[in-house]
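Trainee: Each protein sequence line maps, in turn, to chains A and B. Just remember that the numbering used here sits 13 ahead of the position in the first sequence, which is counted from 1. Just remember that the numbering used here sits 10 ahead of the position in the second sequence, which is counted from 1.
Hints are computed from structural coordinates only; laboratory data are not their basis. The reader is advised that the hints may include incorrect statements.
No more than 30 Å apart at the CA atoms, straight line, and that leaves these computed lysine-lysine pairs for BS3-like [as the list claims (entries may be wrong)]:
(1) B:K326 <-> A:K39
(2) B:K139 <-> A:K39
(3) A:K15 <-> B:K250
(4) A:K39 <-> B:K250
(5) B:K35 <-> A:K15
(6) A:K332 <-> A:K315
For clarity, every value in this text was computed on a predicted model and none was experimentally measured.
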Amino acid sequence: MKVLIVNSMAPFVWGGAEELAAHLQKNLVIAGHEAEILRIPFQWEPAERIPSQMLMVRAFELWNVDHVIALKFPAYLIRHPKKTLWLLHQYRQAYDLYDAGQTNLPPGQEGLELKYLIRQADQESFAESRNIFTNSEVTRQRLLKYNGFDAAVLLPPVNDPELFPGGDNGDYIFAGGRVNGMKRQHLLLEGLAKADARVKLLIAGPPDSPDDAARLQAAVERLGLADRVRLDLRFLPRQVYAEYVNRSAAVAYLPYDEDSLGYVAMEAATAAKALITTADSGGILGLVKHGETGWVAQPNAKDLAVVMGAVFENSARTKSYGQNARALWESMKIKWPETVETLLR
Amino acid sequence: MKIALCSSLVPFINGGARNIVEWLKSLLEEHGHQVEIVYLPEVDSPELLFQQMMAFRWVDLEMADRIICFRPEAHLIPHRHKILWFIHHIRAFYDLWDSPYRGFPDDLKHRGIRDALRRVDGAGLREAKAIFTNSRVVSDRLKHFNQIDSEILYPPVFQSERFRCAGFNDEIVCICRVEHHKRQHLLVEALQHTQTPVRLRLSGASAGADYPRDLSQRISELGLTDRVSLDNRWISEEEKVAQLAHCLAAAYLPLDEDSYGYPSVEASHASKPILTTSDSGGVLELVQDGMNGYITEPSPEALADAMDRLYLDRTKTEAMGISARDRLAELNISWSHVLQRLLA
């Protein structure tokens with residue numbers, strides 16, 4: 014079958030949605046289909062130009078395509094008789110962010126009309142879709158609340174599970190993923206300062222801004238942790254990242270209220286590593302079960318210090334938590350072949 | 011600089027116009043630019059044309075410092091610094107209007123669409139800071155139909171150093187899409203008139219099943235199955251390099267094509283002469299009869315005669331191969347020239 018993945022693109026920006034589309038394409042091909050990605054440019058500033066770009070998507074003609082899988086606004090407005098939505102997110106500034114007063118839509122009547130227009134177009138597009146899946150429970154709830162569509166959650170699989178076979182536990186806790194205030198790597202540093210001196214920490218990933226990197230470097234200095242912390246703050250080659258996971262003793266990931274299970278936690282579980290998170294980390298708690306697959310700490314330095322120490326207190330226990338994490342992840346059966354099959358149903 | 015390369019496509023159909031965009035991207039990146047490729051779908055159906063043209067008009071690429079547009083109707087995308095590397099019009103409404111390839115009637119409705127399209131194209135073209143074309147033929151058409159001047163910028167092939175010559179066997183290769191307008195059937199018909207045991211190898215994918223099926227049937231009818239091989243798929247780059255390295259010559263005889271065509275440039279890089287016909291359009295900008303190949307009348311008999319000459323006079327064949335290579339430098343076909351002009 015000829016499957017076209019349709020995604021929106023912010024020109025000159027490459028992110029998680031682009032990665033997901035690329036891996037979906039790869040796995041469609043593995044499943045024996047022809048697959049291509051259509052990336053439609055979308056610029057949401059100024060908001061006045063959003064309607065014409067919605068019309069742009071609507072005016073395109075697709076020929077020689079058997080099935081469309083569309084991911085984002087406004088790309089999913091594209092017309093095709095066999096269109097499945099794997100909704101990564103709607104235009105939130107016309108939905109929950111609008112209600113929260115955090116919108117880029119202009120104030121007053123003009124903004125109201127834009128909001129109405131976006132919602133109406135979404136409504137029509139959802140109604141004409143063959144199936145709608147969302148990438149998280151939060152997105153599902155939002156779609157149900159605002160648009161009245163009861164979608165199924167289809168969690169994105171790990172893109173390259175073969176890179177995460179696991180390995181002998183090393184002498185450090187690994188904290189991976191993007192580096193910023195919301196991901197709270199600084200909290201881990203404060204915890205480490207209060208933890209057993211045996212505990213070592215590796216923080217690695219791309220900082221959102223130079224400030225995010227500087228803040229962590231300053232904290233290491235201030236807390237005198239230079240001999241127990243390694244910072245590798247950059248966009249890591251995939252192999253390097255996987256190596257850090259596979260050789261760790263445990264993986265810590267404590268974003269504030271995340272929508273999904275989180276790639277960092279999913280990849281760590283694939284590698285059978287014990288997990289550390291915090292009680293307010295949202296979707297991550299789907300994989301981290303306290304005393305079973307890892308530790309759920311309160312989001313404060315004292316509590317995190319106890320948990321980080323526990324990793325090295327009893328290495329047999331840490332290992333078994335890791336095995337349990339892998340078993341829990343495996344039991345969710347979030348794999349590419351099944352995902353591709355579901356999307357083409 | 012942030013550069014967006016804009017073109018149109020039909021999903022799942024590969025072709026030369028896509029390659030040039032991707033090659034240009036890697037070269038621009040090597041030179042330190044940020045590059046985004048924007049491929050947008052387009053179906054050239056008269057009824058659906060204007061709605062799709064409007065879509066191109068609504069594309070917002072303001073964040074790019076400049077855009078370079080290729081296939082139609084990408085030239086309609088608005089931008090303050092728009093450069094065109096114009097490859098062709100929607101030809102049914104231009105040079106193919108008076109041909110069997112128009113595909114719809116010459117009536118009031120279609121004439122109306124034609125005239126409106128030409129007006130919109132003219133306006134979109136005039137917005138550009140610079141207009142380059144891929145051939146003399148296309149530059150002439152821009153002048154003739156749109157009254158617009160342009161500069162020819164011949165598209166080079168990617169990593170041309172891959173191509174080599176490793177001798178001359180008895181086979182004339184034709185490596186391009188297997189389609190009626192590429193006229194593989196003429197080559198097959200010609201083979202029955204040859205006096206020598208020269209062979210033919212046709213490689214390439216097709217959009218539909220009819221033409222390759224008819225071709226294959228004709229090969230059987232003429233009893234040529236042992237002298238013609240038809241490989242109806244998109245062969246790999248490695249296979250292409252190998253075929254060109256060993257072949258006797260390369261045939262490329264599209265009907266009145268816009269550009270000189272990558273098949274003929276690739277053959278030239280492999281120091282192989284090119285067999286083409288007097289009605290092949292842009293190919294004739296590259297090929298000079300008796301110098302770097304043969305140009306014959308588009309008839310089986312005339313082609314057969316040239317095929318025999320390629321087979322029999324090996325000294326001449328090899329000399330024409332060397333000249334084919336030299337001809338590329340003569341026409342300034344190189345990426346350094348392309349980058350210099352597009353970024354000027």
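Trainee: Hint by hint, note whether the structure agrees.
Mentor: For each hint, the structure was consulted:
1. B:K326 <-> A:K39: Violated - the C-alpha atoms of K39 (chain A) and K326 (chain B) are around 49 Å apart, more than 30 Å.
2. B:K139 <-> A:K39: violated (39 Å)
3. A:K15 <-> B:K250: Distance ~26 Å between K15 (chain A) and K250 (chain B) Cα, so the pair holds.
4. A:K39 <-> B:K250: holds (25 Å)
5. B:K35 <-> A:K15: holds (26 Å)
6. A:K332 <-> A:K315: At roughly 24 Å apart (the allowed maximum being 30 Å), K315 (chain A) and K332 (chain A) satisfy the hint.
Hint check: violations occur at hints 1, 2; the rest are consistent with the structure.
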